[in-house]
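The listed protein sequences derive, respectively, from chains A and B. Everything in the first sequence is counted per this note's numbering, starting at 233 for the first residue and increasing by one. Everything in the second sequence is counted per this note's numbering, starting at 23 for the first residue and increasing by one.
Since the hints were made in silico from the structure, they are not lab data. Be aware that one or more of the hints could be misleading.
[Claimed, not checked] Quick look at which bits of chain B chain A covers, simulated, 3 or more residues with Cβ under 8 Å:
(1) 60-68
(2) 122-134
[Claimed, not checked] Label-pair distances were calculated between CB atoms; the ranges are:
(3) B:G38 - A:T285: 24 to 34 Å
(4) A:R299 - B:Y61: 24 to 34 Å
(5) B:I82 - A:A234: 18 to 28 Å
[What the hints assert, rightly or not] Non-contacting residues of chain B with respect to chain A, defined by C-beta distances greater than 12 Å in every case (computed):
(6) L29
(7) G30
(8) V35
(9) V41
(10) Y47
(11) S50
(12) G84
(13) E88
(14) T99
(15) M105
(16) G117
For clarity, every value in this text was computed on a predicted model and none was experimentally measured. Backbone N, C-alpha and C fix where the C-beta goes; we use that ideal spot for every residue, glycine too.
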Amino acid sequence: KAGVTQTPRYLIKTRGQQVTLSCSPISGHRSVSWYQQTPGQGLQFLFEYFSETQRNKGNFPGRFSGRQFSNSRSEMNVSTLELGDSALYLCASSLVMGGGSYNEQFFGPGTRLTVL
Amino acid sequence: AQSVTQLGSHVSVSEGALVLLRCNYSSSVPPYLFWYVQYPNQGLQLLLKYTTGATLVKGINGFEAEFKKSETSFHLTKPSAHMSDAAEYFCAVRGNQAGTALIFGKGTTLSVSS
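The following block holds chain A by itself, in its conformation from the complex:
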């Protein structure tokens, strides 16, 4: 079974531009979460999608948005890029979400975004 895939793996943008990152979850997984990893702030939760609806959101500005499609694939978008948005963006998928039991999150390799 294929793992979580993220495209592109590397991306270079300039300040003010916008970017879209893509995540394909493991087949059959319906929940997708996004995390930002930086040396200073570590790993921080961005948002979680389940059945095409955002279910949880972390403490990030509105420039960060996402969506999930009917096939569970997810995209996240960052508008008006800032230097501080340079990070590794990780996507994780799980079978379902919450419900009183934990469903293991499987992480993709990440997209390395550099903002110049």
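Here the structure of chain A is known, so what remains is to put chain B in place on it, guided by the hints.
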């Protein structure tokens, strides 16, 4: 609110020595706790998890962790370090009961010398 503190951003051991990575948590709900490992330029791989039941949890690659509620700790151990264990390790707690979002510690880089 949930939080995780990993004591020691960098731990160095010799090959064959005991590995001990420390993690303390704070949680307002029964905690689900995890240890993940990250190798350079890769995503996170789950080493082990505690949800309910037995407090000593065994994971992959010979790692184990013990959930101690009285100490709010979930330290990761391995009896004998191998060169291939060199990586960054993250302790995490489930953010809330409704979702699967994780709250991560800052990470501990493990170096293994021969």
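Now for the hints, and whether the structure bears them out:
1. 60-68: holds (count 6)
2. 122-134: Check passed, 8 qualifying residues.
3. B:G38 - A:T285: 24 to 34 Å: Given about 50 Å between the Cβ atoms, the range is violated.
4. A:R299 - B:Y61: 24 to 34 Å: Holds, at about 30 Å.
5. B:I82 - A:A234: 18 to 28 Å: Since the Cβ atoms of I82 of chain B and A234 of chain A sit about 20 Å apart, the hinted range of 18 to 28 Å holds.
6. L29: At about 15 Å from chain A, L29 of chain B clears the 12 Å cut-off, so the statement holds.
7. G30: Correct as stated: the minimum Cβ-Cβ distance to chain A is 14 Å, above 12 Å.
8. V35: Since the minimum Cβ distance to chain A is about 23 Å, V35 of chain B lies beyond 12 Å and the statement holds.
9. V41: 21 Å, holds
10. Y47: For Y47 of chain B, whose nearest Cβ neighbour in chain A is about 15 Å away, the distance exceeds 12 Å, so it holds.
11. S50: For S50 of chain B, whose nearest Cβ neighbour in chain A is about 16 Å away, the distance exceeds 12 Å, so it holds.
12. G84: 20 Å, holds
13. E88: Given that every Cβ of chain A is farther than 12 Å from that of E88 of chain B, nearest at about 18 Å, it holds.
14. T99: 21 Å, holds
15. M105: 22 Å, holds
16. G117: 7 Å, violated
Checked against the numbered hints listed earlier, the structure breaks hints 3 and 16; every other hint is satisfied.
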